[in-house]
Amino acid sequence: MKNNKILELTENALGRKVPTIANGQKQIPYMGVGKYKPTGFKHAPRIYSCADYPADGNKLVKDLKEALIRCGIKDGMTISTHHHFRNGDLLAVQIFDIAHELGIKDLVWFPSASFPCQEVMTKYLEDGTINRIEGSMNGALGKFCSEGKMQGIGVLRSHGGRYQAVQDGEVKIDIAVIAAPTADAFGNATGDRGPAACGLLGFALADSQYADRVIVVTDNLVPFPCIPWQIHGNYVDFTVVTDKIGIPEKIVSGTTEITKSPDRLLLAEMTAQFCIEAGIVKDGFSFQAGAGGTALSIGIYFSEYLRQNKIKARYVRGGSNKYLVQMLEEGLTDYILDGQTFDLDGVRSMRENINHINTSPFTSYNYHGKGNFSSMTDVVILGATEVDLNFNANVVSHSDGYVLHGIGGWQNCLFSKCTILPVPLFRDRIPVIVDQVTSLCGPGELIDVIVTERGIAINPKRLDLIDALKHSSLPIKTIEQLKDEAEKICGKPEKPEFGEEIVALIKWVDGTVIDAARRVLK
Amino acid sequence: MNKIVTTGNKGKGIRSDCFVTLEIDDSFNQEPQIEISSKVMVMYGKALKELCSEILAFYNIKKAKLILEDSGALPFVIAARLEAAIKMISDTEKNYLFPMLETNDYQTAKERRRFSRLYLPGNSPSLMINAGIHSPDGIILDLEDAVAPSKKHEARFLVRNALRNVDFYGAERMVRINQMPLGLEDLEYIIPNNVNLILLPKCESAAQIQLLDENIEKIKAKYNINRPIWLMPIIESALGVINAYEIAKASPFVTSLAIGLEDYTADLGAKRTQEGTESFYARCAVVNAAKAAGIQAIDSVFSDVSDMEALKENVLRSKALGFDGMGCIHPRQIKVIHENYAPDAAEIEKAMKIVNAFMEATEKGLGVVALGSKMIDPPVVKRAERTIEIAINTGKLIKNWRESYEKQ
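Residue numbers (our numbering), protein chains in the order written: chain H, 1 to 522; chain A, 1001 to 1408.
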């Protein structure tokens, strides 16, 4: 078989070698922040007419298999799923079980994120049921992709980039299958109630609007109307009732829990102290903390300060969890603007508190919106696997070369007024501050502060922050000092060896290619 | 001859450590065979191989097979594990040492602040590496209760290397040695490596301190070490309590008396309670003995690491009894301990008044310090100065407090 992964490469604006064509599609190399602005019109879905749908609104079919068949499932289609159940998803694997049973090949799986519960998909990647994943590739799926075993080339996109790709027509979803904790037979659906309530269905929004065919699957069918309708039945082709749609307890995964590690709590505390000294934490401010135990713990320290000073935030952006909910209920913030729900306290609050607001990748992150929320947020706290001397950061791969994580909303959040990455200086023996990142996911010009337990580096571009912290008792250092310190403790790490083949594209928020992952040589 | 030895740790949950299996056999090839598996193979595979070869060559180990199962251990850990294994099969006096970190070359003052001292199990490298970033007043590398009897040998090498190559960022570098007489065997590993203070567990008599002191002096002389090495005897038995004053006075290097309540209550045959009524006498006796000898009194650890409120109450009670600090077993306890041993607002206010009066008197050239109609003795001034210093160090008072104070 011809090796379809050895591609013609060009250098993008960050000096990374990226392919010009991949998966048969033309690719645009990254040009810089805010530089690429496509013209023309957005992709439009096919026209359907209500005359073709049951007048009584009953779109129920027998089961998922029948729904997929009636949607015309066939070789080469793009099928989308969503991660609002995180590691408690029961639906995605069923879809591909059915596709396999029907002997369908070469599907593109377009999940908003993948989780360990979907690792069994490797068998469908192996037998050709699935050609490639466009979405995050975590754990075993990432390993499979990194070793060059996936037939197509993986595509990693941010949550905002996923919306952009759909609107640009870069990804044409043939069938979207939406897991709904509560729905009516017409297809109106919500995630905030029902036995498997998981919170928000925002990741499925673009899919419901743009996919050619939409299936809603629920284990809690209610008579019309399902209120609230996070997903509108007017976009839905078929509804399916199943025994159990998801395991809500498993939406809490390792990355959505507050850390118990004293080292990470110290990082969070230092980060909060930095924000306070920089004058960011003031009455009416706003913040977002990404997934990852350290980032999520920030809320504890912000809360303490707000309480002591009798001030409050205007809004906090979630990933909502019980700590943000406590802030809302205690009056330490006016609103939670929720992008996804990290635990069952978040789900409850979303259902009961009118100040807990649903958002979506469209409102929060989309490049083709007329503005979005992330650039309006005062400070965002995120994680990273590696940061280089120019503050460029990596969030998808490890220093050994394996792609093991998705981008999530990470890239989109970099646009906030102040982006802080609290990271350990080294993990076990692996330095986090390196001379060059293994994969470049976020340009350094958008990353303002790196907080490590052994020192804090401020991006030299942020003279305002450097000035605000010049008398600080916090250990302010240069990023070069941090790298030297890490290497003094750990030794200088060697770089992994890669093959020539490109195994995955890393897209920037505008759809251009910011980096490409190569095959790992074992 | 065939011999197999193992050192270190492996398995689920083990980080920053490694497991060494060393086998010697007369039938093996002359050149040692090295097998390495590591989670950081890509980044450090070559470095691991080089280090292992170098150490084997340093000890002239031939006809051997080495299996290194590495969970991301730093070089000082790997070297300790391998040296410990080699010394289980070969009689050698040589020590494989990395150069001492320059930043580890400090000594501590006898009266330094000892609010907190963080216990670190002597055979768990993952807990040592970041201990200093939490800013405890002291760290204790524990060779006693935290190390299983079968692991005592290898822990000594790890503790030795940690003293040399882990930066504890200014914390007082303490080691809890084993109970006498086993503890004497630990000394050779720590004294040449800039330990600041030695804790002697289950101390019951002045004679034990004198014996320890003699042995320390011998090793100091051998290595030509002049700096003081402080002693903190731990009183953890009824007999120890009775002899507390003698123990405190047994050597000029005794800087503080600590109390260990777990063993003490067991010795009494009483249950250890949160309120501590059963150990009230012992705590008072130890404080009194320490103060009579002019040294610090250090309280036992508080073992519920999740309850910060109860810890705070415990610290306030301890401070009220006259203790100057306590042990801790989790880094998150440090902040609470520091905040609550530090002087409170009323104490700081009073100290500011005294120090201010003293400074004014000095500025005016007066020999006598008075506050209102009360004369202030020099020890009171000294104590107030210390309170101010601690208040500044714990962030409770600004450094140039007097500038704004005078305007009031």
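No lab work stands behind these hints: they were computed from the structure.
Backbone N, C-alpha and C define an ideal beta-carbon position, used for all residues, glycine too.
Take these hints with a grain of salt, some might be off.
Restraint ranges, calculated between C-beta atoms of paired labels, are given here [claimed, not checked]:
id : chain 1 : residue 1 : chain 2 : residue 2 : range
1  : A       : Phe1280   : H       : Glu330    : 36 to 46 Å
2  : H       : Asp263    : A       : Ser1150   : 23 to 33 Å
3  : H       : Asp97     : A       : Arg1272   : 53 to 63 Å
4  : H       : Ile311    : A       : Ile1242   : 29 to 39 Å
5  : A       : Ile1067   : H       : Glu126    : 48 to 58 Å
6  : A       : Glu1363   : H       : Glu277    : 29 to 39 Å
7  : A       : Lys1049   : H       : Pro45     : 37 to 47 Å
8  : H       : Asp334    : A       : Lys1049   : 34 to 44 Å
9  : A       : Ser1090   : H       : Ile300    : 29 to 39 Å
10 : H       : Lys17     : A       : Glu1309   : 34 to 44 Å
11 : H       : Asp263    : A       : Gln1033   : 30 to 40 Å
Against the structure, the hints come out as follows:
1. Here the CB-CB span from phenylalanine 1280 of chain A to glutamate 330 of chain H is close to 40 Å, well matched to the stated 36 to 46 Å.
2. Separated by about 29 Å at the C-beta atoms, aspartate 263 of chain H and serine 1150 of chain A satisfy the suggested range of 23 to 33 Å.
3. In this structure, aspartate 97 of chain H and arginine 1272 of chain A meet the distance hint of 53 to 63 Å, their C-beta atoms being roughly 58 Å apart.
4. For isoleucine 311 of chain H and isoleucine 1242 of chain A, the hinted distance range of 29 to 39 Å is not satisfied, since their beta carbons lie about 57 Å from each other.
5. Roughly 33 Å separates the CB atoms of isoleucine 1067 of chain A and glutamate 126 of chain H, a value that falls outside the hinted 48 to 58 Å.
6. Distance hint check: the CB atoms of glutamate 1363 of chain A and glutamate 277 of chain H are about 35 Å apart, consistent with the given range 29 to 39 Å.
7. Between lysine 1049 of chain A and proline 45 of chain H, the C-beta spacing of about 58 Å breaks the proposed range 37 to 47 Å.
8. Our hint of 34 to 44 Å for aspartate 334 of chain H and lysine 1049 of chain A is violated, since their Cβ atoms are close to 59 Å apart.
9. As the Cβ distance of serine 1090 of chain A to isoleucine 300 of chain H is approximately 52 Å, the hint placing it in 29 to 39 Å is violated.
10. Taking the beta carbon of each, lysine 17 of chain H and glutamate 1309 of chain A are about 56 Å apart, not inside 34 to 44 Å as hinted.
11. At roughly 37 Å, the beta carbons of aspartate 263 of chain H and glutamine 1033 of chain A sit within the given window of 30 to 40 Å.
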